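Chemist: Okay, here's what each chain looks like letter by letter:
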Amino acid sequence: MDYLALIGSVLTLIGTIFMFLAALGLLRMPDVYNRIQAGTKASTLGSVLTLLGIGLIQPDWLLKIGLLIIFILLSNPVSSHVLGRAAHHKKVPMSPKTVLDHLTEDQTSTKN
Amino acid sequence: MINTLLSVSLLFIALSFILIIIRFLIGTTVADRIIALDVLTVSSIGMLVILARMFDRVIYLDVAVVYGILSFIGVIVMAKYMEKSL
Amino acid sequence: MIRNSFLILLLAGLGWILFQEFDSFKGSDQLNPVAEYYATQGPQEVGAANLVTSVVVTYRGLDTLGEVTILFLTAAIVGLLFKRESNSETEDIYGTSEILLTAGKILVPMLILVGVYIFINGHLTPGGGFQGGAVLASAFVLAALTFSGTTVKHRVLEIVESFSGISFVLLGILGVVLAGGFLDNKIFSLGTFGHLFSAGAIPIIYSLVGLKVGSELSNIVLVMKSSEKGGDHD
Amino acid sequence: MFFVLMGVWMILNNSLAIEIWLTGGVVSLFLAILLCSNCSVFQGVNLTPKAMLYTIMYILVFLLELVKSNLHIAKLVLTPSLPINPGVIRAKTILKSRMARLILANSITLTPGTFTIDFIDDTLYIHCVDLEGEDLEAYANSIIRKFEKYLEVIYD
Amino acid sequence: MIYLILLLVFGLIMIIMAFTAIHHKNLQVAVIASGIISLLASVVYVFLAAPDVAITEASIGSALTVVIFFYVLNKIRRSNDQE
Amino acid sequence: MINFNSLNIETVSMGIGVILFVLGVWGIVSQKNIIKIIISFTIVDTSIHLILVSIGYIRGKSAPIIDAAINKENAANEVVDPLPQALVLTAIVIGLGITALMLSYALRMYKENKSLDINKFKALKW
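Protein chains in written order, with this note's numbering: chain A, 11 to 122; chain B, 217 to 302; chain C, 8 to 241; chain D, 7 to 162; chain E, 299 to 381; chain F, 6 to 131.
Errors might be hidden in some of the hints.
Stated by the list, open to error - With a cut-off of at most 25 Å between alpha-carbon atoms, the simulated PhoX-like pairs for lysine-lysine come out as follows:
id : chain 1 : residue 1 : chain 2 : residue 2
1  : D       : K81       : D       : K155
2  : E       : K323      : F       : K127
3  : D       : K98       : D       : K155
4  : D       : K152      : D       : K74
5  : B       : K300      : A       : K100
6  : F       : K37       : E       : K323
7  : E       : K323      : F       : K116
8  : B       : K300      : A       : K101
9  : E       : K323      : F       : K119
10 : E       : K323      : A       : K100
11 : F       : K125      : E       : K323
12 : B       : K300      : F       : K116
13 : D       : K152      : D       : K56
14 : D       : K98       : A       : K101
15 : B       : K300      : E       : K323
16 : D       : K98       : D       : K74
17 : F       : K127      : F       : K116
18 : F       : K127      : F       : K37
19 : F       : K66       : F       : K119
20 : D       : K155      : D       : K74
21 : F       : K119      : B       : K300
22 : A       : K101      : E       : K323
23 : F       : K37       : F       : K125
24 : D       : K98       : D       : K152
25 : F       : K116      : F       : K37
26 : D       : K155      : D       : K56
What the hints assert, rightly or not - Label-pair distances were calculated between CB atoms; the ranges are:
id : chain 1 : residue 1 : chain 2 : residue 2 : range
27 : D       : T54       : C       : Q48       : 51 to 61 Å
28 : E       : L302      : D       : T54       : 56 to 66 Å
29 : D       : N91       : C       : N11       : 29 to 39 Å
30 : E       : Y301      : D       : K81       : 30 to 40 Å
31 : F       : I103      : C       : Q51       : 31 to 41 Å
32 : D       : K81       : A       : K101      : 24 to 34 Å
33 : D       : L35       : A       : P69       : 57 to 67 Å
34 : B       : L241      : D       : G31       : 42 to 52 Å
As the list claims (entries may be wrong) - Residues of chain B clear of chain C, computed beta-carbon distances all greater than 10 Å:
id : residue
35 : N219
36 : V224
37 : G243
Think of the hints as simulated: they come from the structure by calculation, not from any bench.
All figures in this text were calculated on a predicted structure; none of them were measured in a lab.
Using N, Cα and C, we set each Cβ at its ideal position, and we do this for glycine too.
Whole structure, please, built from the sequences with the hints as guidance.
Modeler: Rendered as structure tokens:
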């Protein structure tokens, strides 16, 4: 029995479960910002775990998979940041549960 | 054994695709739909890598590399269009 | 009303015809003779591991030349249509965020590198001139998005494009002189199978195609982005 | 910059043949000369042994936080009542190097319940799913300091 | 068998997206839907053992086409604003 | 009508292609907005590529790239048809060019008529 391959496939399974949770969070969260939170975090860790699992199953692919992981870790948070910034500038409404918003306060105070 | 686990993983990804599409269909604003597209791309990177293992060809990884590096551009263009600074 | 019902009738007929075709489609389990020739003789004759590349560049090389010409014409027409535009100032209200700026500085060279990798390794791994050109063009899109001040000079793009086009045709004619026919790749030695410098002229031809397609596509996209600077100043 | 590009090229090709070294060298040199204005991003890395040690520790802390954040999100999503009270708070950073700031922002985006909305001058605006307690300043500092204390050693 | 289930899911999603792209009133949503169609089509190409076509579709269909559509939408909106 | 047992990868993907083709043609003939028509055109483009590639697929065989996973002498029994793939490869790039051309014409028409509705484009009506 190849233990490394077994560990790898279990990691892959956990990663896909995280992706599923990301989708579920995307569906359940009340406003755009919380959806970005759920989507970005869970899908990033999910894909990283999946890639690592496949890399453990096939150890000679590990270098390329590492490069792919670096690309994902670099680009995914940036795109979600740009999206959140655009949504905030566009004044997409926040959910009524929101407690406070320093950014809007600061913007209005500098304008006046 | 390994193949069974990987098949179950593929099923989970397909389920998450369906959930993301539901969010896309009911999403109230455009930003919701863009984040749905983003998550869809990242999930399909994972799916492509699993497929590369199941078909046992290393060359399919190149497709995943192109995906991973290009998923970024579409989202940035859409976000810039949204905030009117394209 | 009459128009609508006519449309529905038309579509139903179209769908029915297509469904008949689809129903009689069985799928084969054997290659047809042409494809079998490509699969068995291709590696010996051309020396490329990627059979699609050997078909695109060598067996159907003239098609590729024509296709690149069509793209050139398209880029020229799009440029022409956008030339007489009223000037409008682009206002960047919020500016680009610093995070995106830094990430862009890292990612643009990476994108260009991946594009170059894709089209140089076109005969070994999936990819080739067209895909690499598209990745190059998206690198230019990212550069234009993040560093809004810098614009790529149209002159440079034009020079790169004409240079690669002329060398493409020259290589083809060299094939006529030195080897069997137009765009024959045996003007250099075939080399060892599966190495980077193998398959004769295919890596060079595909790199030229990649440069040409990349400059044409980025020309189209950049012209569409900024019409105010899109038309050349000369 | 040249060495980074060269490394990426070798990983992509996954081979050590002489012709790949040659082509990669030519391509990376060309790109490094052409895009030299971007070189400044890669400067400012300390290459002392202490910085190396801190890099490894940083990666470990980061991975731990990543897993923790996902368990947090999973718990949140699977709770039927969605116990959230989101908000946007501000936090000041002391980092100056641009690469360090990028890594800081990305790390914050990937850690429990927070993500960076905007970055103006030295101020980060962080969106939190779950605002805890009354002392907002302390909370914001606790988010940032976790990563800053490693990054300010690695980058100067 | 698993491939078949996946393909059926993909087909369903692509058909729904085509409906959305044709019938949604908001043009941005229609463009994003057509981008999703291209994205899933390129995964289907991987199933059909055509990685070359998959790379082309991913880089052109779902990145560059969406980009030029958004550029044109931007120009239309800007010339609307000038009125 | 459709036998469920006869479903396999190439028939399913061809079916997707056929349905997308009909939907796209319907979009072309029924929509009024010119951007919508161009989007429908790209959908038709994708569907035709899907149909062509699925014709070239052969069950149980792998991608036409000869590396360590494929026996070089026995290649004809292990790879799919490379010809449709090469065709589709060039067709996709041409598709982008055509889309760009149509979009630029649409933009010119919008500048002339201040409308995206094709019923308002009266220049060629008699």
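Chemist: All hints are to be evaluated individually against the structure, with a verdict given for each.
Modeler: Each hint, compared with the structure:
1. D:K81 with D:K155: Roughly 29 Å separates the two Cα atoms, so the pair is violated.
2. E:K323 with F:K127: The hint holds at about 24 Å.
3. D:K98 with D:K155: The hint holds at about 14 Å.
4. D:K152 with D:K74: 14 Å, holds
5. B:K300 with A:K100: Given pair K300 of chain B, K100 of chain A holds - Cα atoms ~9 Å apart, limit 25 Å.
6. F:K37 with E:K323: 12 Å, holds
7. E:K323 with F:K116: Distance of about 22 Å is within 25 Å: holds.
8. B:K300 with A:K101: 12 Å, holds
9. E:K323 with F:K119: 19 Å, holds
10. E:K323 with A:K100: Cα-Cα ~20 Å, so holds.
11. F:K125 with E:K323: 19 Å, holds
12. B:K300 with F:K116: With Cα atoms ~20 Å apart, K300 of chain B and K116 of chain F stay inside 25 Å; holds.
13. D:K152 with D:K56: 18 Å, holds
14. D:K98 with A:K101: 24 Å, holds
15. B:K300 with E:K323: Holds, at roughly 20 Å.
16. D:K98 with D:K74: 24 Å, holds
17. F:K127 with F:K116: 14 Å, holds
18. F:K127 with F:K37: This hinted pair holds, its Cα atoms lying about 14 Å apart.
19. F:K66 with F:K119: 54 Å, violated
20. D:K155 with D:K74: Roughly 20 Å separates the two Cα atoms, so the pair holds.
21. F:K119 with B:K300: It holds: about 21 Å lies between the C-alpha atoms, which stays within 25 Å.
22. A:K101 with E:K323: Holds, at about 22 Å.
23. F:K37 with F:K125: 10 Å, holds
24. D:K98 with D:K152: Holds, at roughly 13 Å.
25. F:K116 with F:K37: 17 Å, holds
26. D:K155 with D:K56: 13 Å, holds
27. D:T54 with C:Q48: 51 to 61 Å: 60 Å, holds
28. E:L302 with D:T54: 56 to 66 Å: Given about 57 Å between the Cβ atoms, the range holds.
29. D:N91 with C:N11: 29 to 39 Å: 52 Å, violated
30. E:Y301 with D:K81: 30 to 40 Å: The hint (30 to 40 Å, Cβ to Cβ) holds, given that Y301 of chain E and K81 of chain D are roughly 34 Å apart.
31. F:I103 with C:Q51: 31 to 41 Å: 37 Å, holds
32. D:K81 with A:K101: 24 to 34 Å: At 31 Å between Cβs, range holds.
33. D:L35 with A:P69: 57 to 67 Å: 32 Å, violated
34. B:L241 with D:G31: 42 to 52 Å: This hint holds: roughly 51 Å between Cβ atoms.
35. N219: 23 Å, holds
36. V224: 28 Å, holds
37. G243: 24 Å, holds
Violated hints, in rising order: 1, 19, 29 and 33; the structure is consistent with all others.
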